[in-house]
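J.: Protein chains in written order, with the numbering used here: chain A, 24 to 423; chain B, 4 to 207.
Derived from the structure by calculation, the hints contain no laboratory data.
Hints may be right or wrong, so weigh each one.
Unchecked claim - Incomplete in silico selection of chain B near chain A, CB under 10 angstroms:
id: 1; residue: M4
id: 2; residue: L5
id: 3; residue: L13
id: 4; residue: T16
id: 5; residue: N19
id: 6; residue: F20
id: 7; residue: S23
id: 8; residue: Y24
id: 9; residue: R29
id: 10; residue: M30
id: 11; residue: T32
id: 12; residue: E34
id: 13; residue: L97
id: 14; residue: Q98
What the hints assert, rightly or not - Listing some non-contacts, in silico: residues in chain A with all C-beta distances to chain B over 12 angstroms:
id: 15; residue: L29
id: 16; residue: E172
id: 17; residue: F323
Values in this document were obtained by computation on a predicted structure and should not be read as measured data.
The beta-carbon is built from N, C-alpha and C at its ideal position, and this holds for glycine as well.
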Amino acid sequence: MNLETLPLQLRNAIVDLFPPALQWFVHHLLTITVILTVFGLFFAFTTIAERKLLARLQNRLGPNRAGLPWFPKLKLWGITQPFADAIKAITKEDIVPAAADKVLHFLAPVLIVAFSLLGFAVLPFGRNLIPVELDAALLYFFAAGAATELAIFMAGWGSRNKYSLLAAMRALAQLISYELPLILSVVPVVMVCGTLSTKAIAAAQGGWTFGLLPHWHVFTPWGFAAFIIFLIATLAESNRSPFDLPEAESELIAGHLTEYSGFKYALFFMAEYFGLTALSGLGVTLFLGGWQAPCEFLQFIPSYLWFMIKLVGMIVFFIWVRGTLLRLRIDQLTRLSWKFLVPLALLNLGNGAFWALTPDWTGPLVLARWAISAAIVVVPFVLLGRRLTAGQAPRSYRYA
Amino acid sequence: MLGSGILKGLAVTAKNFVGSYHNPARMVTQEYPDVQPQLPANYRNFPFLVTENATDPMGTMRCVACQICEKECPPQCIYIEKSKDKKPDANGKLQLYPAVFDIDTAVCMSCQLCVEVCPFDAIKMDHVFAIAATNRFSGLLLNREELAKPNTYFHEIRPDEAAEVDGRLAAERAAAEEKAKAAAAAKATAATATKPATGGAAAP
Chain A
24 MNLETLPLQL RNAIVDLFPP ALQWFVHHLL TITVILTVFG LFFAFTTIAE
74 RKLLARLQNR LGPNRAGLPW FPKLKLWGIT QPFADAIKAI TKEDIVPAAA
124 DKVLHFLAPV LIVAFSLLGF AVLPFGRNLI PVELDAALLY FFAAGAATEL
174 AIFMAGWGSR NKYSLLAAMR ALAQLISYEL PLILSVVPVV MVCGTLSTKA
224 IAAAQGGWTF GLLPHWHVFT PWGFAAFIIF LIATLAESNR SPFDLPEAES
274 ELIAGHLTEY SGFKYALFFM AEYFGLTALS GLGVTLFLGG WQAPCEFLQF
324 IPSYLWFMIK LVGMIVFFIW VRGTLLRLRI DQLTRLSWKF LVPLALLNLG
374 NGAFWALTPD WTGPLVLARW AISAAIVVVP FVLLGRRLTA GQAPRSYRYA
Chain B
4 MLGSGILKGL AVTAKNFVGS YHNPARMVTQ EYPDVQPQLP ANYRNFPFLV
54 TENATDPMGT MRCVACQICE KECPPQCIYI EKSKDKKPDA NGKLQLYPAV
104 FDIDTAVCMS CQLCVEVCPF DAIKMDHVFA IAATNRFSGL LLNREELAKP
154 NTYFHEIRPD EAAEVDGRLA AERAAAEEKA KAAAAAKATA ATATKPATGG
204 AAAP
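With the rest of the complex left out, here is chain A (with noise of 0.2 angstroms):
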């Protein structure tokens, strides 16, 4: 029994039961079937992990309760919460403004729950796990995630209502501003990859100086800065804290999810869920390793376990962060865009182009070109946070 062809293994034991002209339909069946399953629990589990780790970040207890509906003496640590969430969620009233486009407010959150459940297509989860071997999937993926941006608007559009409408335009302004420093920081690991197979660049970081040093390309200088500049625009990108402007409660009430309730609003909160996991993913995939152990004596522990447990990790760092930062204005967030990530992408671009051009440097200039590839990392941003930070900190409150 190999662990790490054991998924394989199954899916063509089970494909095999069929007649040949159907097995290419049941093998694609199969795939989406497993991930609609591992994903939505994935999903069921994070809601939870997100509310008991945020109180433990503010020192409270979350979410203890819940138990099983027959053992009201056994509560589990409130680990079924999700599953009372999600029957609470079902059977509320499913309420449609008079004045809305029924239409648009119908069809926006079945469609934002499938445009960002396409990304998961193209992410190698394993070794040989991969629901689509595409050549593009790079673009493949930043397509898809980028049409969530239309579900959002037409719900902001389909609702009728001021409040959903202004958090709409505000997301698609958000979402616009961070496609940009998503994608650039991207490309540095396209151009030293060569390519956009999300296959052949989780491949390429394989490998390991004396064995306990992984080849992921977080580890690279370009790498690092553009990690970084991918989390911060991943974090925007999912609308989370601290740039969940859109469903701002001081301010929009519930933004684009005002006139939604029930099971629409429960979908809006999974295609949520799932773009952030998505774009996880894929993080994971192109900054550390994908689905290589961080060691070569760890490598016993199949491949797609390291995928989940690395995924597991980024999660967690957003729920982290969320517990820590608070929420930015609207100038703030694309002032952080436009002016800091957006050219410190650009620069990154050119560290990356210098890193590919120099792969022979040996000897002594290995370490030229990590100090080179370093310098154009920090002293930029050094220079530029410095510049944007002049007028601005440390603030004085008026009011306060």
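Let chain A serve as the given structure and place chain B on it in line with the hints.
T.: Below, chain B alone, put in the same frame as chain A:
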């Protein structure tokens, strides 16, 4: 440097996370239905009527239906009807008692003014906060049977104040007894003093 504030913030929340698992002092949450809250003695919610003993609450109520609290109550949630007859109070003096004493807890604003103005220490603020009713009119209107609680309960929830009240009432009672004794003695002496006079008057 730019971003150092974010790192400091992340360190603070990480400390919270780790500390919340091994430092109980950080966790302020009380798991309410399982762990009952420790209310401070001066916590107040709705008023109750103090009775001298638990076996006969209606017969030993301190309230004498003077209606000061009814008139003083800002949201006017107290309704009192005086009794037709009189009963001896704690000091043995014949007093009226409330035939009807209602408090509408839906209206009560827990201001404690009724307690401040009561000259008989008959009405005090309770600690019970978990009240719920299925009918918002009759369920939240408490009558005198529901309001009456024995003095021992008052000692349980506010020991200091209850001891002070008991001391004061005992002193008043002693003073009243002194006074009654003195009055009885004066009456007796007056009776002995007047007896010979009347006897003398009758003798001739």
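J.: Confirm or reject each hint.
T.: Verification of the hints:
For M4(B), the interface hint holds, since its Cβ comes within 10 angstroms of a Cβ in chain A; the closest pair sits about 7 angstroms apart. The interface hint given for L5(B) holds, since its Cβ lies 3 angstroms from the closest Cβ of chain A, which is under the 10 angstroms cut-off. Below 10 angstroms, beta-carbon pairs count as interface contacts, and L13(B) has one with chain A at about 5 angstroms; its hint therefore holds. With its C-beta approaching chain A no nearer than about 4 angstroms, T16(B) sits inside the 10 angstroms limit, and its interface hint holds.
Here the hint on N19(B) is kept, as its CB sits about 5 angstroms from the closest CB of chain A, short of 10 angstroms. Below 10 angstroms, beta-carbon pairs count as interface contacts, and F20(B) has one with chain A at about 5 angstroms; its hint therefore holds. Taking 10 angstroms as the C-beta contact cut-off toward chain A, the hint placing S23(B) at the interface holds, the least distance being around 5 angstroms. Residue-level restraint check for Y24(B) holds (minimum Cβ-Cβ distance to chain A is 7 angstroms; threshold 10 angstroms).
With its C-beta approaching chain A no nearer than about 5 angstroms, R29(B) sits inside the 10 angstroms limit, and its interface hint holds. The interface hint given for M30(B) holds, since its Cβ lies 6 angstroms from the closest Cβ of chain A, which is under the 10 angstroms cut-off. Given the 10 angstroms rule on beta carbons, the hint for T32(B) holds: about 5 angstroms separates it from the nearest Cβ of chain A. For the restraint placing E34(B) at the interface with chain A, the shortest Cβ-Cβ distance is roughly 7 angstroms, inside the 10 angstroms limit, so the hint holds.
For L97(B), the suggested interface contact is broken, since its CB lies about 56 angstroms from the closest CB of chain A, more than 10 angstroms. Using the Cβ-Cβ criterion of 10 angstroms, the hint placing Q98(B) at the interface with chain A is not satisfied: the shortest such distance is roughly 51 angstroms. With a closest Cβ-Cβ approach of about 35 angstroms to chain B, L29(A) is found to remain outside the 12 angstroms limit, as its non-interface label requires. Listed as a non-interface residue, E172(A) keeps its Cβ farther than 12 angstroms from every Cβ of chain B; the least gap is roughly 27 angstroms.
No beta-carbon of chain B comes within 12 angstroms of the beta-carbon of F323(A); the shortest separation is about 30 angstroms.
In the structure shown, a violation is registered for the earlier hints numbered 13, 14, in ascending order.
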